[in-house]
Every structure is written in C-alpha cells, then in structure tokens.
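Sequences listed follow chains A and B, in order. Just so you know, the working numbering puts 2 at position 2 of the first sequence, and the rest follows in order with no gaps. Just so you know, the working numbering puts 18 at position 18 of the second sequence, and the rest follows in order with no gaps.
Everything labelled a hint here was simulated from the structure, so no lab data went into it. These numbers were taken from a predicted model, which means no experiment stands behind them. Idealized CB from N, CA, C, for every residue including glycine. Be careful, since some hints might not be right.
Said to hold, decoys possible - Quick look at which bits of chain B chain A covers, simulated, 3 or more residues with Cβ under 8 Å:
| # | region |
| --- | --- |
| 1 | 30-38 |
| 2 | 54-64 |
What the hints assert, rightly or not - Straight-line distance between alpha carbons at most 20 Å, and here's what the computed SDA-like set of lysine to any residue pairs gives:
| # | chain 1 | residue 1 | chain 2 | residue 2 |
| --- | --- | --- | --- | --- |
| 3 | A | K223 | B | C36 |
| 4 | A | K46 | B | S35 |
| 5 | A | K223 | B | M11 |
| 6 | A | K223 | B | D40 |
| 7 | A | K223 | B | S30 |
| 8 | A | K204 | A | D222 |
| 9 | A | K204 | A | A240 |
| 10 | A | K223 | A | D233 |
| 11 | A | K223 | B | D32 |
Unchecked claim - Over the 12 Å line for every Cβ pair with chain A, so calculated as not near, a few chain B residues:
| # | residue |
| --- | --- |
| 12 | W4 |
| 13 | W21 |
| 14 | Q26 |
| 15 | L87 |
| 16 | S91 |
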Amino acid sequence: MIVEMVGFSGHLGDVIEGYSARPVVPDPTPGMVVLHHAPGLDPWSKEVVRKFAYAGYATVAPHLYHRRGPGDWADVAAAARADGLATAMPNEQVSGDIAGTAAYLRAQPGANGRVGVIGFCSGGRQAFLAACDVPSLDAAVDCWGGSILPRQPDPAGWRPHGRGVIHRAPDMAMPLLGIFGNDDSNPDPGEVDEIERVLTELGKTFEFHRYDGAGHAFFCHDKPNYRQEQAVDGWSKVFAFLDAHLRKDDAHVHLDH
Amino acid sequence: MCTWITEKVPMTGRARGVPEWITVTQANVSYDHPSCAPFDHAVLIDFVNPGDGVGARIAIELSATSALALVSALNQALATPEAVSDLHDQSIAAAPVGSRG
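This is chain A alone, in the form it adopts within the complex (with noise of 0.2 Å):
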C-alpha cells in the first residue's frame, strides 16, 4: 500500500490535510473516508485508514482539526477541544469536508466510483450527519457516535444544550450501519433504541449490532475500553456491509481484513 498525506478541497473550498493509504492492485477499489474520534487524527485513527488500505479500500481520513493547527496532532486536538471544537464544528463544515474527501477518492486512478465512510466516537455522530447531507456517499458506518439525540444540559452545567442530527433521519439516502456497547453512556441502550425507532418509522436501510460486555470506544485497542471479542465481530460486520454496499458490481477478490 501507499501511505502518504495528501491535500484536497473541503467545506467551501478550503484545502485540508487527510491521511491518505491506498492498496497496490490492479483491480477497481472502493473508497473509504474515516472519521476520527473526539481525542483527534491520533496513532489508532491511522491504524484504522491502513487496516481498510489492507483490505482492499482507497482510504483517507480528512483532519478534522486542520484549521485550528498547524501542529502535532495531539496540540492540534486540545487547542479543538479548549475551543470546544471537539463536539461543537458546524455541520456545514464537517458535511463539506467529507464531501470534499469523497471527491478527492473518486478523482483517484483506479477509483470504482464508490466511497463510504466510517466514523468513530464524535466521528460516529459525523457519519450520521453525512449520510443525511452527503449524497455522493454510498454507504456509512456509525460506531458509538454520540450526541446524535439532542443533549439537555446536565445540572452541573458541564455539558451544553446539543441538537442532535436526528432530526436529519429523513433526508438519509444511503444503507447505515450501527456498532455500539450496550455499557456506553453516550450513547446509551435507550438512545439507541430511539434512534432505531425513528430510523424504523422513516422506513430508512439499516443495521444495528450492540454488544454486550461492551462501553464507547470497543474497537480501540491502544485503550482500556477495547474490547477483544466484541471487536473482532464488529469488524466483521463493519466489512461485511461495506463489501456488500461498495463492492456489489465488482468481481470479488478476496482479501484479507
């Protein structure tokens, strides 16, 4: 594969740095965008851009904190988060970057024209968000995102009135897929049962799986919360629907994930 960082337009033109790795192979390859979680484009976030470069996907994680750097990845994230950047980017923009990274994925040599995107933590949220708001996309994956219900303020007044992207469920336009733990506090079981039922009444294409023995950030394996067996499933599942949705016209070559 090659790794490499690339620049390309984003929310209103802006050009905006990604982590860019891409599979060697003669064949047409899907595209993946990656969305970082909340702590930033960090060591695990790049893991996951080279483990789908691996399995055969053209893949870019756009730096959602680009405008607020230049810098170290991890100075770049607390300077997002002491702006409250973290939870708190116009949709507008999070919508535009990904628009622009799905572009620069299909602008690439060998490109089969279609790209998802993956999106983790606050990530998980911002895939919600552009299934509903960025129709070039085929298909996305929503891991744990949080906040996707409106927020009320907590009474220690710490966490700020949030309007959720819920209310965006009806413009949806592509197959989602949901990975959450069923020990995760944002979400939490009863959110997710509410953004099922909403999703079920619109008559939206989805899938859910929540695991037991599982809280935020299972897939992590640089942290506390990951979790072995509930992660290896989840990934299977991750695969399974984006081979589905964004190889279903090719011929299949098998690789490994």
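Since chain A is already given, all that's left is putting chain B on it; use the hints.
Same frame as chain A, but now just chain B:
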C-alpha cells in the same frame, strides 16, 4: 526563604512536555477522553501559551482520583507560611488602587 517542603502524592496518568521552558499564559482543564492515559475519561490539564501556537503546551492526563490528590497537594503547598504571605501580597497588588488598605 527556601522552604524545601515538597508534597509527594501517588499519581496515575500521563504527561507530555516540551524540551525548553515556555511561557504559560493559560491552563485548560477538562474531563474528557485522554490521548494516552489508560482511562475512558480523565482530567486533562493543558498549560499553554496560545499566542505561540498549539505546540506551546504541557499536557497532563490524570485519573479522577489522582486529580483530587493533586488538588489536595496544591492546597497543602499553598498552606505554607511563605505561600500564605505571598498570596496576601498578591491579592493586595491585584486589588484596585483605591481599595488597598
């Protein structure tokens, strides 16, 4: 006067520094996902100088229990006679001129 008094408290966390001294003009404190400390959430303290870019940052990530121990140690250190005296002087210096006694 040199006090030679040091509060030592066990800590569980992670820290990241810079090779040279930096001017610190602001501290950002939050309870959120850490970058490195082995917790889902941690007390994150960034000593920064925003005017010098995002890299002017000393980062500390502590367990909630460790952060409470740090607060206690800070209060202990500030209870020494020298600190009490300096706090008194600094509060007078910071007060509006007309209110100084």
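* What hint numbers does the structure not satisfy? -> Violated hints (numbers, rising): 8 and 14; every other hint is consistent with the structure.
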